[in-house]
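*Asks:* Residue strings, one per chain:
Number of protein chains: 2
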Amino acid sequence: MDELVTQVIRRLFVPLEASGRHVHLTKAQAQSLFGHELTPKRPLSQPGQYLANERVTVIGPKGEFQNVAVLGPEREEAQVEVSMTDARALGLDAPLRLSGNVADSPGATLVSPLGRICLTSGVIVAKRHIHMTPEDAVRFGVRDKQVVRLQTYTKRPLIFGDTVVRVSPAFETYVHLDYDEANACGFRPGDLGRILT
Amino acid sequence: MDELVTQVIRRLFVPLEASGRHVHLTKAQAQSLFGHELTPKRPLSQPGQYLANERVTVIGPKGEFQNVAVLGPEREEAQVEVSMTDARALGLDAPLRLSGNVADSPGATLVSPLGRICLTSGVIVAKRHIHMTPEDAVRFGVRDKQVVRLQTYTKRPLIFGDTVVRVSPAFETYVHLDYDEANACGFRPGDLGRILT
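Residue numbers (this note's numbering), protein chains in the order written: chain X, -7 to 189; chain Z, -7 to 189.
I should point out that these hints are in silico values taken from the structure, not numbers from a laboratory. As the structure is a computational prediction, the values presented were derived from the model and not from experiment. Just so you know, nobody snuck in bad clues.
Since the list gives no way to pick one copy over another, a pair counts as held whenever it fits inside one copy or between any two copies.
Computed cross-link-like contacts, DSSO-like style, restricted to lysine-lysine with a CA-CA straight-line distance of at most 30 Å:
#, residue 1, residue 2
1, Lys54, Lys147
2, Lys147, Lys119
3, Lys19, Lys119
4, Lys137, Lys119
5, Lys19, Lys33
One chain only, chain X, in its complex shape (with noise of 0.2 Å):
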């Protein structure tokens, strides 16, 4: 019975969860930081994605973050996913994009105990997104790039607006947050949402 309840929220409710600033660095960065490729450390919700081992110091104008976590694998292109509020503090008038657009966005500085790399641009607050199996797109009769709205059943309750599916099979079904978002709806990990179209 259990297992039946499980299915069927599975088929009306995605998961929630709530992304805290992170890094994204090429293999080269990644080796003038640490002398080495990124190590995982543990996996995360979308297959292949890990938090890595290493870390780095962000600085912008006004303010900087230690100990920020960077994510695996290695990407073509460094990206730093911070929120509104983070991008207040650093001092950053950071652009609202898809993760992978930094065109014309600010950059910052990285520091490691080792080294140091000044990105030109990168620095970006993610828009919030759904990434989302093939099989289920077709059950939510979603498709990739669809933009709906996401009511959350939270302490908190809201709608969201202006919510980006983003569809591929080498997705897990996950609605990704920033904890400005997650924090305004009063999000608990195992919270869940609903699709609106």
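Dock chain Z against chain X, hints included.
*Replies:* Same frame as chain X, but now just chain Z:
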């Protein structure tokens, strides 16, 4: 024409405001922290309320915030209003409450150049709310303590659920969000919301 547009907008929408972390004090507490009662620096949107010249450091078990705004006039009971992000940084499990309801909330230490006060309770995360004049309550068809949804016309549009309307002739009509909520919806000064009942 512009005046007419402004009037129509005021009848359809409610202006949004973001409240940063702040402290309310009793007269005795202001006296012991500053040697005098609070002095106004600038008025706030709510009639008679003001940002004080005086500021305090708020200290919790895990962190502190310096230079925190104190709002006047003094109240019957001290209160520290923070965002969930702030509460986490302070290391406090602050409950989600309407202003004035501080029973069973955690305390914090308040420090000024002159003194130090240990509050045994008073730290809350303010529940989002709409201050409203009785005239606007009639116009919008809502009553005191009614819970409504609020659609934001902001950069990251969303619909807040669980938004409490507070009606009083002592109020001006404004939605009060904390910075988690303001950043989650991409609030910028001048942005408007619409009440959904």
